[in-house]
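Visitor: These protein sequences, in sequence, are chains A and B.
The numbering used here numbers the first residue of the first sequence as 1 and each following residue consecutively.
The numbering used here numbers the first residue of the second sequence as 1 and each following residue consecutively.
None of these hints come from the bench; they were simulated from the model.
Note that the coordinates shown come from a computational prediction; the quantities given were computed from them, not determined experimentally.
We treat Cβ as the ideally placed atom computed from N, Cα and C, and that holds for glycine.
The reader is advised that the hints may include incorrect statements.
Okay, derived cross-link-like pairs now, EDC-like style, lysine to aspartate or glutamate, Cα gap no bigger than 16 Å in a straight line [claimed, not checked]:
1. B:Lys10 x A:Asp64
2. B:Lys24 x A:Asp29
3. B:Lys220 x B:Asp203
4. B:Lys309 x A:Asp29
5. B:Lys216 x B:Glu13
6. B:Lys24 x A:Glu65
7. B:Lys309 x A:Glu30
8. B:Lys306 x A:Asp29
9. A:Lys2 x B:Glu95
10. A:Lys2 x B:Asp298
11. B:Lys204 x B:Glu224
12. B:Lys157 x A:Glu46
13. B:Lys33 x B:Glu22
14. B:Lys20 x B:Glu8
15. B:Lys311 x A:Glu30
16. B:Lys33 x B:Asp96
17. A:Lys31 x B:Glu305
18. A:Lys2 x B:Asp96
19. A:Lys56 x A:Asp29
20. A:Lys56 x B:Glu93
21. A:Lys2 x B:Glu93
22. B:Lys306 x A:Glu30
23. B:Lys24 x A:Glu46
24. B:Lys10 x A:Asp67
25. B:Lys311 x A:Asp29
26. B:Lys107 x B:Glu281
27. B:Lys297 x A:Asp29
28. A:Lys2 x B:Glu305
29. B:Lys250 x B:Glu262
30. B:Lys297 x A:Glu65
Here's a subset of chain B near chain A, in silico, CB distances under 8 Å, partners left out [claimed, not checked]:
31. Lys24
32. Asp25
33. Ser85
34. Ala304
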Amino acid sequence: MKNWPLWEIFIRSKQGLHHKHVGSLHAADEKMAIENARDVYTRRNEGISIWVVESKYIHASSPDESDSLFDPANDKVYRHPTFYNLPDELEHI
Amino acid sequence: MVDITSLEKKFQERIDSEIKIEPKDWMPDAYRKTLIRQISQHAHSEIVGMLPEGNWITRAPSLRRKVALLAKIQDEAGHGLYLYSACETLGVEREDLIDQLHSGKAKYSSIFNYPSTTWADIGAIGWLVDGAAIMNQVMLCRTSYGPYSRAMVRICKEESFHQRQGYEILLTLSRGSEEQKAMLQDAVNRWWWPSLMMFGPNDKDSTHSAQSMKWKIKRKSNDELRQQFVDITVGQAKVLGITLPDPDLKWNEERGHYDFGEIDWEEFWNVVKGNGPCNRERMAARKKAAAEGQWVKDAAIAYAEKQRKRKTETSRVA
Numbered sequence: 001m002k003n004w005p006l007w008e009i010f011i012r013s014k015q016g017l018h019h020k021h022v023g024s025l026h027a028a029d030e031k032m033a034i035e036n037a038r039d040v041y042t043r044r045n046e047g048i049s050i051w052v053v054e055s056k057y058i059h060a061s062s063p064d065e066s067d068s069l070f071d072p073a074n075d076k077v078y079r080h081p082t083f084y085n086l087p088d089e090l091e092h093i
Numbered sequence: 001m002v003d004i005t006s007l008e009k010k011f012q013e014r015i016d017s018e019i020k021i022e023p024k025d026w027m028p029d030a031y032r033k034t035l036i037r038q039i040s041q042h043a044h045s046e047i048v049g050m051l052p053e054g055n056w057i058t059r060a061p062s063l064r065r066k067v068a069l070l071a072k073i074q075d076e077a078g079h080g081l082y083l084y085s086a087c088e089t090l091g092v093e094r095e096d097l098i099d100q101l102h103s104g105k106a107k108y109s110s111i112f113n114y115p116s117t118t119w120a121d122i123g124a125i126g127w128l129v130d131g132a133a134i135m136n137q138v139m140l141c142r143t144s145y146g147p148y149s150r151a152m153v154r155i156c157k158e159e160s161f162h163q164r165q166g167y168e169i170l171l172t173l174s175r176g177s178e179e180q181k182a183m184l185q186d187a188v189n190r191w192w193w194p195s196l197m198m199f200g201p202n203d204k205d206s207t208h209s210a211q212s213m214k215w216k217i218k219r220k221s222n223d224e225l226r227q228q229f230v231d232i233t234v235g236q237a238k239v240l241g242i243t244l245p246d247p248d249l250k251w252n253e254e255r256g257h258y259d260f261g262e263i264d265w266e267e268f269w270n271v272v273k274g275n276g277p278c279n280r281e282r283m284a285a286r287k288k289a290a291a292e293g294q295w296v297k298d299a300a301i302a303y304a305e306k307q308r309k310r311k312t313e314t315s316r317v318a
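Excised from the complex, chain A in its bound form (with noise of 0.2 Å):
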């Protein structure tokens, strides 16, 4: 018989702030999936949303090529604010 999959889990902690990953659990669907991550992983009130995502869905970026994918950011200082040189006297900017 078929093996229940694999969900990757989302939890926010509080109302204002991000989903964040927290780990993976196997489930049948995703009801069972939202049901189990609640108690594996909010059993102290950790979360007050879950997200769950099979694991199969989720596309992510190669550690190896890492170095050219984020090249194009590395030489654009003028990003950021300190870049601009501007008299100490000067006031709420």
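For this one, chain A is given, so just place chain B on it according to the hints.
Guide: Using the frame of chain A, we list chain B on its own:
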């Protein structure tokens, strides 16, 4: 062609500069294998560890003790699941790990092959067994593999309740009747040495230790952790008014640590090899649960598939 030696060198440099290794990063095969062995063994221990405690749920002396014990055992199940989840990021299937446990290929902590014969054992397990596990797990929060380290942080946050509930059980017995005091002392007599064995063989006899320390999977040696455990436990024993069953246990001013007697390594290896008091019983219970629960797993999958089919059919009609 990729040069393995240079990859390995780069890998070790990352470890040395305390950069965590994540699932998709390149890692030596032996590092992956060591982690799979260690994390799955750790997960199995959490799951098998539910059995000696489960023995006392229906006989807990009060409702307060019962809900606490239930919550603790549920935590152990949760800890097993965090660890299986971490292990699966290394490219193994959960079912294969569980098959390895049931076939005897994978080990679990030998401590759970000892019986829990009295209520005081539940206290002693919480105090000594969880106490020893915490020593090891606090160290593992800084392990080099990201998912393992994160699972450990969650586990450590939950473990301290386990140890405190165990100690409270013992403290209550220590203030009870002569019979209760004797039961407390008896439980400590039986659990003390197996708890010291939980840290594994002496450093000089530990086959995997040196490489695991170099890879920073382990951050402290077996003997270091064992010493740390003895040092903090002696004071806690005094509060209970009990004697730890070791005539050689005494403070060594020069070392700044307690000296303690030699562990019975013959007993240790005998239990590891499957000849402890409860090895067969524990595995039989695990296999029975898996076999008798299989139809539930099958039915849940069949139901999920039927629901999915029905959904696509109705959307087609509409």
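Visitor: Against this structure, judge whether each hint is valid.
Guide: Hints versus structure:
1. B:Lys10 x A:Asp64: 13 Å, holds
2. B:Lys24 x A:Asp29: Status violated; Cα separation ~26 Å.
3. B:Lys220 x B:Asp203: 10 Å, holds
4. B:Lys309 x A:Asp29: Given that 16 Å is the threshold and the Cα spacing comes to 13 Å, the pair holds.
5. B:Lys216 x B:Glu13: Roughly 12 Å separates the two Cα atoms, so the pair holds.
6. B:Lys24 x A:Glu65: 11 Å, holds
7. B:Lys309 x A:Glu30: Given pair lysine 309 of chain B, glutamate 30 of chain A holds - Cα atoms ~14 Å apart, limit 16 Å.
8. B:Lys306 x A:Asp29: Roughly 11 Å between the alpha carbons, so the hint for lysine 306 of chain B and aspartate 29 of chain A holds.
9. A:Lys2 x B:Glu95: Measuring from Cα to Cα gives roughly 11 Å; hence the hint holds.
10. A:Lys2 x B:Asp298: 7 Å, holds
11. B:Lys204 x B:Glu224: Status holds; Cα separation ~12 Å.
12. B:Lys157 x A:Glu46: Judged against 16 Å, a Cα distance of about 12 Å means the pair holds.
13. B:Lys33 x B:Glu22: Between lysine 33 of chain B and glutamate 22 of chain B the Cα gap is close to 15 Å, so the pair holds against 16 Å.
14. B:Lys20 x B:Glu8: 15 Å, holds
15. B:Lys311 x A:Glu30: 14 Å, holds
16. B:Lys33 x B:Asp96: 14 Å, holds
17. A:Lys31 x B:Glu305: Between lysine 31 of chain A and glutamate 305 of chain B the Cα gap is close to 13 Å, so the pair holds against 16 Å.
18. A:Lys2 x B:Asp96: Holds, at about 13 Å.
19. A:Lys56 x A:Asp29: Satisfied, since the Cα-Cα distance of roughly 14 Å is no more than 16 Å.
20. A:Lys56 x B:Glu93: 14 Å, holds
21. A:Lys2 x B:Glu93: With a Cα-Cα distance of about 13 Å, the restraint between lysine 2 of chain A and glutamate 93 of chain B holds, given a limit of 16 Å.
22. B:Lys306 x A:Glu30: Distance ~14 Å between lysine 306 of chain B and glutamate 30 of chain A Cα, so the pair holds.
23. B:Lys24 x A:Glu46: Since the Cα atoms of lysine 24 of chain B and glutamate 46 of chain A sit roughly 27 Å apart, the hinted pair is violated (cutoff 16 Å).
24. B:Lys10 x A:Asp67: Status holds; Cα separation ~15 Å.
25. B:Lys311 x A:Asp29: 13 Å, holds
26. B:Lys107 x B:Glu281: With a Cα-Cα distance of about 15 Å, the restraint between lysine 107 of chain B and glutamate 281 of chain B holds, given a limit of 16 Å.
27. B:Lys297 x A:Asp29: With a Cα-Cα distance of about 11 Å, the restraint between lysine 297 of chain B and aspartate 29 of chain A holds, given a limit of 16 Å.
28. A:Lys2 x B:Glu305: Holds, because 11 Å separates the two Cα atoms, which is no more than 16 Å.
29. B:Lys250 x B:Glu262: 13 Å, holds
30. B:Lys297 x A:Glu65: At roughly 40 Å apart (the allowed maximum being 16 Å), glutamate 65 of chain A and lysine 297 of chain B break the hint.
31. Lys24: Check passed: Cβ of lysine 24 of chain B comes within 5 Å of chain A, closer than 8 Å.
32. Asp25: At about 5 Å, which falls below the 8 Å cut-off, the nearest Cβ of chain A leaves the hint on aspartate 25 of chain B intact, so it holds.
33. Ser85: For serine 85 of chain B, the interface hint holds, since the closest Cβ of chain A sits about 5 Å away, which is under 8 Å.
34. Ala304: Since the shortest Cβ distance to chain A is 4 Å, the answer is holds.
When the structure is compared with the earlier hints, violations turn up for hints 2, 23, 30 and for no others.
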